[in-house]
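The hints should help you fit chain A onto chain X, whose structure is shown.
Line by line, the protein sequences give chains X and A. The working numbering puts the first sequence at residues 1 to 358. The working numbering puts the second sequence at residues 1 to 322.
Please note that a few of the clues may not be correct.
Claimed, not checked - Not everything, but these chain A residues come out facing chain X in the computed CB check (under 8 Å):
(1) Leu-57
(2) Asp-69
(3) Phe-296
Unchecked claim - Label-pair restraints from in silico Cβ distances:
(4) A:Gly-217 to X:Asp-309: 16 to 26 Å
(5) A:Ser-238 to X:Ala-332: 25 to 35 Å
(6) A:Ala-264 to X:Leu-206: 31 to 41 Å
(7) A:Arg-284 to X:Gly-246: 32 to 42 Å
To be verified - Examples of chain X residues lying across from chain A (beta carbon under 10 Å, computed):
(8) Ser-59
(9) Gly-116
(10) Gln-119
(11) Glu-168
(12) Leu-339
(13) Gly-345
Don't read these hints as lab results, they were simulated from the structure. Computed from a prediction, not measured in an experiment: that's the story for all the values here. Here a beta-carbon is modelled for each residue, glycine too, at the ideal position from N, C-alpha and C.
Listed here are the chains, written in short residue letters.
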Amino acid sequence: MVPGSLGQGGFMGRTVLVTGAARQLAGRFLRRLVKEPDVERVIGVDAVPPDRLPGRAESFRFVRADLRQPSIVAVLAQHAVDTVVHLDVHATAGPHGGGRAAVKEINVLGTLQLLGACQKIPTLRRVVVASSTLVYGNSPRDPAVADETSRLAAPAGGGFAQDVVEIEGYLRGFARRCPDVAVTVLRLAHVLGPGAEGPLAAYFRLPVLPTVFGFDPRLQFVHEQDAVDVLCRAVRGQGRGALAPGTYNVAGDGVLLLSQAARRLGRPTVPVARPLTPWLGPGLRALGVHGLSGELFRTLTHGRVVRTDALRAATGGPLEYTTAEAFADFAAVHGPGLLPPALLGRAVERAEEALRRG
Amino acid sequence: MADAKVIPFEEGARRTRERAAGGAVPRQADGEGAGGAAAPAEAGGLDRAVARGLAFLRRRVTGDYEVDDFGFDQDLTDEVLMTLLRPLFEKYFRVEVRGIENIPADGGALIVANHSGTLPWDGLMLQVAVRDTHPAQRHLRLLAADLVLQLPVVNGLARKAGHTLACAEDARELLDRGELVGVMPEGFKGLGKPYAERYKLQRFGRGGFVATALRAGVPIVPCAIVGAEEIYPMLGNSRVLARLLGLPYFPVTPTFPWLGPLGAVPLPTKWTIQFGEPVETRDRPAEAAEDPMLMFQLTDQVRETIQHTLYKLLVGRRSVFF
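Isolated chain X (complex conformation) (with noise of 0.2 Å):
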């Protein structure tokens, strides 16, 4: 049988290709795919080489290429590739390095390079990509809830929300071009878990969190065991407990403020005036504090909720983990930090003792 042509029950001996593998979540993504039974190979594509190979080793293959080069091509076309998944859309750079300006070209070049590479290839079937509920903005002006519908409004100023916004919008572009290829776009909420990285797990790891003074923003978090087997779904397409080809607002059940996450986690939180924010980043990282940015900020002022029923619905059901379960197996492993809650709660029983007793 060729590969990526379509079976009885749907692909058979399929070819997988990820972009972004050297990173984290990918990382975790690939050791999954690789043991999904239908997914014959599995080929991970980046501009470093991943720390870690998953296992089946026969299976993978690594490919160095950069998404930006016209190569990509070469390396879909030589292994007939039936299934695009494209993690390599980031918010802060990789092991790589590079500022700001290389972050934005690895997301919206990388994803223009990766589309036209697509279009030329006609084994493809299913292109699946990792985007952000940033696509929504966060501005108080728009509706406290947002669904798949809602227009997308990335905050003025650029940054990692806008590169997301122009993404959808290629990939829209390319749906079109394309119809008979099924498009998946899966707009992660914040990613978190025990290894997680991304910009607002490496936030609740600063021993002391800067907050924009006056407001406690709404945080949803969607566990990095539930964003893989979610891409998983989206992977298989069609079939039992697979994710049919479409966009979906991928987050875990149930709101955080940022108030009580920091108290959740027990770390204490310092107020900054909002006009200082986009200067503390750059100032702290000066001092060797990384993690911090004007946008992280912008983020952190109002906060976005996302409304997750057309995922549901196609999943049978929510997330094994919600947003408050999420952020708790993240604090299991980086908490508490100064002031641990279950010592706060005992001072308080403490208190209340010695007031009954005087």
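Below, chain A alone, put in the same frame as chain X:
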């Protein structure tokens, strides 16, 4: 963070009211014994208040409370915000609530009220009125202006109190979840109108709220609030200062801005909040929401009901302050 750690001491009085109202006591503080009715009132009441306050404090410091998708923090609202507003409601404005039975005990409903008073105290008092006098002790979810959700500190408190942006999407979502939603369609036009125009309802927009209620199939409860108009008699409006500060209006009252922050103390007027007969929307077809003429008529009907109730209440009022 915006939430103050306040230990409520007014618990005794509130419990009695809750029992008198016959509703189920919502959530008892952890570790509280059975409500011993025969216990020595004074000491027992204080003890319970302290226990409840500490249990609240414990939940706050450990982050062990729930917040809904809109940022509504029920724990904070019940334990602190309502406790702070209640003296204003009971002692300062001495709010008299009538027709509370017009609000359904469960399921979605849209309360439409007039808006006045320069600062939105009327919205907050309406929220206390529904929470404290309704047999089911319902939480009112107010729809707020975008300005409220942009101001630092205020936005956090508003969201925690259960308010959200006044837009069709949020209103619909809340109504679909079976919440009681409050809207003041006059908006800033009503809030910042001069004293001379008191109790004259402003335009109600194009009746978006009626369409939303219709689509959600929930009743519309008209509500008239008397007393809020006189809390800050707005004699003038400094457009220049308003433009400079990015505000919809800058009020000039007999005391503000002349007395500084002291001028922001509202006058102790006597308030009446009257809920009217609900306007049912369930029997109307869903397409009706697309008919602008029908929406206009329904909006007008609700507006007229509120205006008439206002006039009736004003005729029956003895004085502004008593």
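Holds or violated: the 31 to 41 Å window for the beta-carbon distance between Ala-264 of chain A and Leu-206 of chain X? 38 Å, holds
Should the interface hint for Gly-116 of chain X be scored as holding, given a Cβ-Cβ cut-off of 10 Å against chain A? 36 Å, violated
Was the hint right that Asp-69 of chain A lines chain X, CB cutoff 8 Å? 5 Å, holds
Under 8 Å, Cβ to Cβ, is where Phe-296 of chain A needs to be relative to chain X, so tell me if that hint holds or is violated. Hint violated; Phe-296 of chain A Cβ to chain X Cβ min 24 Å, cut 8 Å.
Can the suggested window of 25 to 35 Å be confirmed for the beta-carbon pair Ser-238 of chain A and Ala-332 of chain X? At 56 Å between Cβs, range violated.
Close enough to count: is the Cβ of Leu-339 of chain X nearer than 10 Å to one in chain A? Because about 8 Å separates Leu-339 of chain X from the closest Cβ in chain A, which is inside the 10 Å limit, the hint holds.
Can the hint on Leu-57 of chain A be confirmed by a CB-to-CB distance to chain X that is less than 8 Å? Hint holds; Leu-57 of chain A Cβ to chain X Cβ min 5 Å, cut 8 Å.
Would you settle whether the hint for Glu-168 of chain X is holds or violated, based on the nearest Cβ-Cβ distance to chain A being less than 10 Å? 20 Å, violated
Less than 10 Å between beta-carbons is the criterion; does Gln-119 of chain X satisfy it with respect to chain A? 36 Å, violated
Lying within 32 to 42 Å: is that true of the beta-carbon distance Arg-284 of chain A to Gly-246 of chain X? Once the Cβ atoms are compared, 33 Å apart, the range 32 to 42 Å for Gly-246 of chain X and Arg-284 of chain A holds.
Min Cβ distance, Gly-345 of chain X to chain A: is it shorter than 10 Å? Nearest chain A Cβ about 5 Å off; hint holds.
Mind checking the hinted window 16 to 26 Å against the Cβ distance between Gly-217 of chain A and Asp-309 of chain X? 19 Å, holds
When the structure is compared with the earlier hints, violations turn up for hints 3, 5, 8, 9, 10, 11 and for no others.
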